[in-house]
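2 protein chains.
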Amino acid sequence: MLDPGNNAELPAIPAKRYFTIGEVSELCAVKPHVLRYWEQEFPALSPVKRRGNRRYYQRHDVLMIRQIRSLLYEQGFTITGARARLDGPQAKAEASMSHQIVHQVRVELEEVLSILRH
Amino acid sequence: MLDPGNNAELPAIPAKRYFTIGEVSELCAVKPHVLRYWEQEFPALSPVKRRGNRRYYQRHDVLMIRQIRSLLYEQGFTITGARARLDGPQAKAEASMSHQIVHQVRVELEEVLSILRH
DNA sequence: CGAGTTCGAATCTCGCCGCCCCGACCACTA
DNA sequence: TAGTGGTCGGGGCGGCGAGATTCGAACTCG
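Read top to bottom, the protein sequences are chains A and B.
Each residue of the first sequence is one higher than the last, beginning at 3 in my numbering.
Each residue of the second sequence is one higher than the last, beginning at 3 in my numbering.
It should be emphasised that the hints constitute simulated quantities derived from the structure, not laboratory data.
C-beta atoms are modelled at their ideal positions from N, C-alpha and C, and glycine is treated no differently.
One should not assume that every hint holds.
[Unchecked claim] Just some of the chain A residues that point at chain B, by a computed CB distance under 7 Å:
#	residue
1	Ile15
2	Pro16
3	Gly78
4	Phe79
5	Thr80
6	Thr82
7	Ala86
Just need the whole structure built from these sequences, with the hints factored in.
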């Protein structure tokens with residue numbers, strides 16, 4: 003299947019080690035205050051903080067933010083849903099649809115079986 | 003092998019053709035007014051209506067409601083996200099996969115049936 | 001130094017996703 | 001055919017999720 007974290011049209015991440023909140027905001031098309039807000043909502047997102055509590059984002063932070071962005075803005079998850087998906091194996095939910103139908107068929111077959119046992 | 007976060011706890015769908023909104027509400031653990039609301043939000047969900055505009059749900063309606071329920075309550079989609087998901091390529095792939103399985107089972111059952119006829 | 005950036009906290013907005021109430025209508029049972 | 005309980009649609013209400021705005025102060029960098 004297609005990579006779900008793929009954001010269209012975002013600029014490449016420059017080859018440097020640290021990024022300010024303003025830069026990340028540009029790179030990810032997400033406003034700074036939203037970045038701070040997400041930080042409270044996604045524990046996994048925690049840029050290093052230096053002098054004066056300033057945030058310094060690294061590449062993996064930028065990537066994660068793009069991932070979150072995709073889940074929220076493109077795929078239509080709630081924050082709770084996105085959080086769950088980020089640290090749980092998403093396969094479990096993926097299987098849910100097919101399993102729903104297969105499960106139902108199975109239940110019915112077992113009913114038939116019990117009738118046939120007579 | 004129970005799948006976590008699935009609609010596993012929901013009762014089996016009884017072997018009848020039509021269900022009232024109250025029955026579906028029980029079967030899916032979704033309140034009637036929410037079922038009516040979802041009907042406006044998901045065009046694909048449209049139970050037949052008879053005398054006095056009463057809804058008569060069929061099996062596939064019940065299954066779809068459980069899918070929607072799973073997307074909204076368990077997987078954490080917004081309604082918009084769930085809707086996109088339901089008629090997006092994702093759903094089609096899964097649906098066709100389930101369809102194949104169901105079809106296969108049906109063919110086998112018909113073989114069994116033809117044997118039983120003797 | 002000084003312009004621009006970032007800080008956290010508080011407050012505000014807005015729309016999604018229902019909830020509740022209503023009087024009228026309908027189905028089933030006796 | 002009357003009673004009883006489920007269902008109808010519509011209108012109004014509202015919590016709360018997800019940001020948006022604002023603030024003065026602290027910081028950075030040229």
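Violations among the numbered hints: Checked against the structure, the hints that fail are numbers 1 and 2, while the rest are satisfied.
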